[in-house]
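Enquirer: The primary structure of each chain is shown beneath.
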Amino acid sequence: MSIKAHVLIIGGGIAGTSIARELSKYEVDVLLVEKEADVGWGQTKVSYAIRHPGARWSPGTLARELIVKSNLIFDRLVEELDIDFKRCGELILAFNPDELECLKVMKSRGEQIQVQGLEIIEGSEIQRLEPLVSSGAIAALHMPTAGIFNPFDLIHAFYENAGENGVRMWTDTEVLGIVPEKGQFIVETNREEIEAAFIINAAGLYAQKIAQMAGTDNFKIKYPTKASCFILDRAVGDRVGTIVTGLADLNAFHRFKAVIPTYGGNLLLYSPIPEPSHGIDDRAVEKRSFQMTCESLRSLVPDLDFEGHLIASFSGLTARNDRGDFIIEASEKQDRFIHVALPPPGITCSPAIGKRVTKILKKNGLVLKERADFNPHRKRIRSARNASTEEMVRWVKKDVRYGRIVCRCEEVTEGEIVEAVGRGASTLDGVKFRTRAGMGRCQGNFCTPPITDLLAKEMRCPVERITKKGKGSNLLIDKRYH
Amino acid sequence: MPMESSINLDVAVVGGGPAGIAACLELSKSTDLRVVLFEGDRDLGGMPRSCHVFFGMRDQKRIQTGPAYARRLGKLMEGIGFDIHRSARVLDIFPGKEGEPHLIRVLSPKGLRDYACRSLLLATGCFESPRAARQIPGSRPAGVLTTGTLQQLVNMRRQKPGRRALIIGSENISFSSVLTLRRAGTSIVGIVEQGPSLQTHPFPAEVMSTFFGFPIFKGTSVGKILGNERVEAVELVRKRDGYCWKVECDTVVMTGRFRPDSALIENTSIELDPASQGPVVDMNLMTSVQNIFAAGNILRGADMHDLCALEGRLAGRGILNQLRYGGVRENQWIRLHAESPIRYVVPQRISPALVRKSILIKLILPWPSIQVECTLRRPVLEAWSGESLIWSGAFRKIIANTRIPVPVEKFDWKKVDLKEGILLKIRSIRT
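Chains as they are written, first to last, in our numbering: chain A, 41 to 522; chain B, 749 to 1179.
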């Protein structure tokens, strides 16, 4: 028995989910498959969540075109999908005349695409904006329209909204083979076989592998370097209010090192240090990378205590391709097979990707009729931490579970966790990325056991089946030891 | 911002562990106070609930299991008739200015409420540093846990977290987690300690190592955790010669490295000590804000439960004194500092007058004590004030993570510069 779908999206990352949401506006049968237990666990997981104004990218690149288009619709999206977005601004520092030249180039590039408020500031003006910035900086490009958001928030919003509008989404489904046959594709997975007329390859790191399965290999994904990010405790979260970046490569402005205030109130440290990767599944944080990141970022904010406030670290691979730009195109051999390969900043561009893919689908023969009953709105999981006093009083009166705090560091209540499970979280990490439970300074020391219990209760399964991040990552070996 | 209506109290105690309960028991000696205890969990008792044996020696004068000790504390607490709010988390505290009452905001299944209290005791305890803070490299699979999580799983829920476990760290709690793991039928593949010597008394540790048959790797660090879904192995690196080898296991238990749970204090006017990461307190256990007290593990990371209980009792006494007599005036306090390898000194503020008085009338007060970062052999502890040495004492050995009282009564108080404060140093002959 095979399952039929008109459009099959392979990969539930930011690309896959944003396309799914865009296609859910039309009367078309869409299926999204993701090999992990939840969406957004590939490249999206290591994104640093900046909404770039686009001044870094050189004219003529698809990346720049998409950033411009995305920024036009971003505000509407924020409102429709009820996601957090803060326009905190960005300071790009220059420490020598060469770097100052680069800032000038970026400023003119930004002005070409109508980025508002670009300004090169010098001397003590920089410290007035951001007191902790190194006094060694001779100038800085201030981009007030840069902003931060939570990448998981965005991807879950796409996912939930698409699901509500009728897109079928299967997690834990890995594509094993693709056979083109009589104008359609037979897709073999670890579950049922899928028959699809159109395929969108949004598999991120695995995009080349999927392309090869269908025999349409016309680009190469490289994963030469790992990206490691480090999260600092909220105690220092308010020490830096603007994204502070420094140039890492004078010839490629999109490579940068940064201290980024996150939406959760922490600081995120990122520096593109050369790290060897040992294959496509290598997510290990290397021993020296924290020290190297600190050393490299100390030039930006010398007086911040990085070591004493580190609470989490993670790394992942970013799928840069051999063309060095975004790839969104129909395959040369099969015009019903569409490649979507996004190197960073895929997240910034995601709002425009769906539209572009839809255009290609239309051109290549997909009949799209707009749905009358499309609901563009999605509400976030209400959180106790951001709620006002009156709201909290009301919620607890309605449901006592909102009065029971499970994660004490991030003040996440039982009600929020139950809500997250209802929206598709099936693992501890799924709960964590939806509610922030376990993202605080104790990193789940206290709340892991109670959340495991709650998950088991809500999913009506034995507690030993609960995993951290899908198959094989069970937390317990046995329910009872005697 | 605080709500308009709040409930008035005399004393609010935050945290229903040994320190908080002991303070309540002490406060119950005064009959006219309205005291409320706020506990974030469903049950009273705090950490001992998830531990095992040897509890209650110094405060209850008997030896019990952890859960029995916690139950006993809970019963005593219920017996005194104070209000107890369970599953009630204190979200924020707003210290009152100049003798005004302090406000605390509490979320519980009963709702969100503000309480105004004349006196506030913080006894929120401590937590263990997470993996990243220890900078343990490698992948991030399931099966990497702290002792706190392990104890909750095994001792409270009777669940089995793994088959073969590697323990990182060699504090008291590391050997306690050996017992917990054995209880769940998990075998132990070894204990890893970065430093050259154990972070606790070596004799019982070695007895356990022989009895349960696991090696202790000293001077060894974790090179990498391997495994994508669940821990598969851990790569260890011997510091001496860089020798690297793999130990197969499915669980990694990170132990110790406690730090105070002082999230409530951050962003308030209460002074934090960067060394202990807890609040700065004086010999009445009062913080830098009038009528806000702190006791137990919030002051210094983990210490024995019974010492916390004794400290809670003293805090209770301090609160009573403060409410009745107004306590010691601010300008009489002298700041104590400590320098590495001393981790911290608590209480951080002492009063020469109180020290003298305590010797004359045998008053029991929270005595300044230190902890050191690593076990030291033949150290000389010195106290300096400005340029002058005011006391020095030689020790045969100071073991890491044990409480060493500082004999402040022997200090040469005439030489003390009140403004400079006192600095404690260690001059070590051999580490």
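It is worth saying that the hints were derived from the structure and are not from the lab. Predicted model only: the values in this text are computed from it and were never measured. Heads up, the beta-carbon is just placed ideally off N, CA and C, and yes, glycines get one too. One should not assume that every hint holds.
[Unchecked claim] Partner residues aside, some chain A positions facing chain B, computed with beta carbon under 8 angstroms:
1. His46
2. Ala275
3. Arg279
4. Phe330
5. Cys334
6. Ser336
7. Arg338
8. Ser339
9. Thr429
10. Val433
11. Arg448
12. Phe486
13. Tyr521
[Stated by the list, open to error] Covered by chain B, per the in silico footprint, the following chain A stretches (three or more residues, Cβ under 8 angstroms):
14. 84-98
15. 472-484
[To be verified] Sample of chain A residues lacking proximity to chain B, with all beta carbon distances greater than 10 angstroms (derived):
16. Glu151
17. Gly157
18. Phe270
19. Ala424
Enquirer: Given as covered by chain B, does the region 472-484 of chain A meet the bar of three residues or more with CB within less than 8 angstroms?
Expert: This one holds; 4 residues, not fewer than the three required, reach chain B with a Cβ under 8 angstroms.
Enquirer: A/Thr429 was flagged as interface toward chain B. Is the shortest Cβ-Cβ separation under 8 angstroms?
Expert: Hint on A/Thr429: holds, closest Cβ of chain B at ~6 angstroms, below 8 angstroms.
Enquirer: Let's test the interface hint: is any C-beta of chain B closer than 8 angstroms to that of A/Phe486?
Expert: Hint on A/Phe486: holds, closest Cβ of chain B at ~6 angstroms, below 8 angstroms.
Enquirer: Does A/Glu151 sit more than 10 angstroms from chain B, CB to CB?
Expert: A/Glu151 clear of chain B: closest Cβ-Cβ about 40 angstroms, beyond 10 angstroms.
Enquirer: Does the CB of A/Phe330 sit less than 8 angstroms away from some CB of chain B?
Expert: Because about 6 angstroms separates A/Phe330 from the closest Cβ in chain B, which is inside the 8 angstroms limit, the hint holds.
Enquirer: Quick check on the hint: A/Ala275 CB to chain B CB, less than 8 angstroms?
Expert: holds, 6 angstroms
Enquirer: Under 8 angstroms, Cβ to Cβ, is where A/His46 needs to be relative to chain B, so tell me if that hint holds or is violated.
Expert: Interface hint status for A/His46: violated (34 angstroms vs cutoff 8 angstroms).
Enquirer: Minimum Cβ distance from A/Arg448 to chain B below 8 angstroms?
Expert: Because about 6 angstroms separates A/Arg448 from the closest Cβ in chain B, which is inside the 8 angstroms limit, the hint holds.
Enquirer: Using Cβ atoms and 10 angstroms as the threshold, tell me whether A/Gly157 really stays out of contact range of chain B.
Expert: The claim stands: A/Gly157 keeps its Cβ more than 10 angstroms from every Cβ of chain B (closest is about 31 angstroms).
Enquirer: Holds or violated: is the Cβ of A/Val433 closer than 8 angstroms to a Cβ in chain B?
Expert: Holds: closest Cβ of chain B sits about 5 angstroms from A/Val433, inside 8 angstroms.
Enquirer: Checking the smallest CB distance to chain B, is A/Ala424 really beyond 10 angstroms?
Expert: Answer for A/Ala424: violated, closest chain B Cβ roughly 7 angstroms.
Enquirer: Hint validation: A/Ser339 versus chain B, beta carbon distance must be below 8 angstroms. Holds or violated?
Expert: With a minimum Cβ separation of about 21 angstroms from chain B (threshold 8 angstroms), the hint on A/Ser339 is violated.
Hints 1, 3, 5, 6, 7, 8, 14, 18, 19, counting from the list given before, are not met by this structure.
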